[in-house]
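Trainee: In our numbering, the protein residues as written are 2 to 175.
Because the hints were derived from the structure by calculation, they are not lab data.
For each residue, glycine too, the CB sits at the ideal point set by N, CA and C.
A hint or two may mislead.
[What the hints assert, rightly or not] Pair ranges (Cβ atoms, derived):
{"no.": "1", "residue 1": "121", "residue 2": "161", "range": "33 to 43 angstroms"}
{"no.": "2", "residue 1": "140", "residue 2": "165", "range": "18 to 28 angstroms"}
{"no.": "3", "residue 1": "127", "residue 2": "35", "range": "38 to 48 angstroms"}
{"no.": "4", "residue 1": "39", "residue 2": "118", "range": "36 to 46 angstroms"}
{"no.": "5", "residue 1": "140", "residue 2": "34", "range": "51 to 61 angstroms"}
{"no.": "6", "residue 1": "74", "residue 2": "109", "range": "22 to 32 angstroms"}
{"no.": "7", "residue 1": "47", "residue 2": "115", "range": "29 to 39 angstroms"}
{"no.": "8", "residue 1": "97", "residue 2": "136", "range": "34 to 44 angstroms"}
{"no.": "9", "residue 1": "39", "residue 2": "92", "range": "43 to 53 angstroms"}
{"no.": "10", "residue 1": "115", "residue 2": "78", "range": "30 to 40 angstroms"}
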Amino acid sequence: MEARTHPVPAAKSPSPPEPEATAAVEPSTAELRARRLLITGLVVAGLLLLGMVALLVFLSIDAYQAAYIGVGPSPGAVVVGLLRDAAIVFVAFETLLIGVLLIILMLQVQSLVVLLRDEIRPMLEAANETLATVRGTTQFVSHNVVSPVVKWSGYLAGLRRIVREISGLRKREE
2 MEARTHPVPA AKSPSPPEPE ATAAVEPSTA ELRARRLLIT GLVVAGLLLL GMVALLVFLS
62 IDAYQAAYIG VGPSPGAVVV GLLRDAAIVF VAFETLLIGV LLIILMLQVQ SLVVLLRDEI
122 RPMLEAANET LATVRGTTQF VSHNVVSPVV KWSGYLAGLR RIVREISGLR KREE
């Protein structure tokens, strides 16, 4: 009867526990401050825009009533003038907002440059050192291990062929 062996499963190496993907990550104080500043800025901008619209409506109603009574120019000219003035103020406000955002963008680019200079460059230098070490190791192994093995394998293959040819000649002579 044949003895059958069952393959033994390889023992699993203990792996470090993986952090749960569902775990809530609390934002840092800088992120909370930035989020609070963004919300405050949006609320202020919204209130300014709402105030401008309310002022425009109030002024246009007042000018329309004054023109209806006959005190000023025609109501259409007054409303068009108010819309023109509101558009000029709106464009000026947008220009101010774009200027502030460009300043913030320049500060972010500057922080990115600092990050690249202070943190990424040392990592790249360490990777280059590791690559140089690997390159040296492969050259050493190639020169001291692989080349002699290939050389001796060639010698043994040649010797094997010579022995085969000599044994083949002896068989023919018999």
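Trainee: Work down the list of hints and note, for each, if the structure agrees.
Mentor: Taking the hints in turn, this is what the structure says about them:
no.	hint	verdict
1	121 - 161: 33 to 43 angstroms	violated (56 angstroms)
2	140 - 165: 18 to 28 angstroms	violated (36 angstroms)
3	127 - 35: 38 to 48 angstroms	violated (31 angstroms)
4	39 - 118: 36 to 46 angstroms	violated (27 angstroms)
5	140 - 34: 51 to 61 angstroms	holds (53 angstroms)
6	74 - 109: 22 to 32 angstroms	violated (49 angstroms)
7	47 - 115: 29 to 39 angstroms	holds (34 angstroms)
8	97 - 136: 34 to 44 angstroms	violated (56 angstroms)
9	39 - 92: 43 to 53 angstroms	violated (24 angstroms)
10	115 - 78: 30 to 40 angstroms	violated (56 angstroms)
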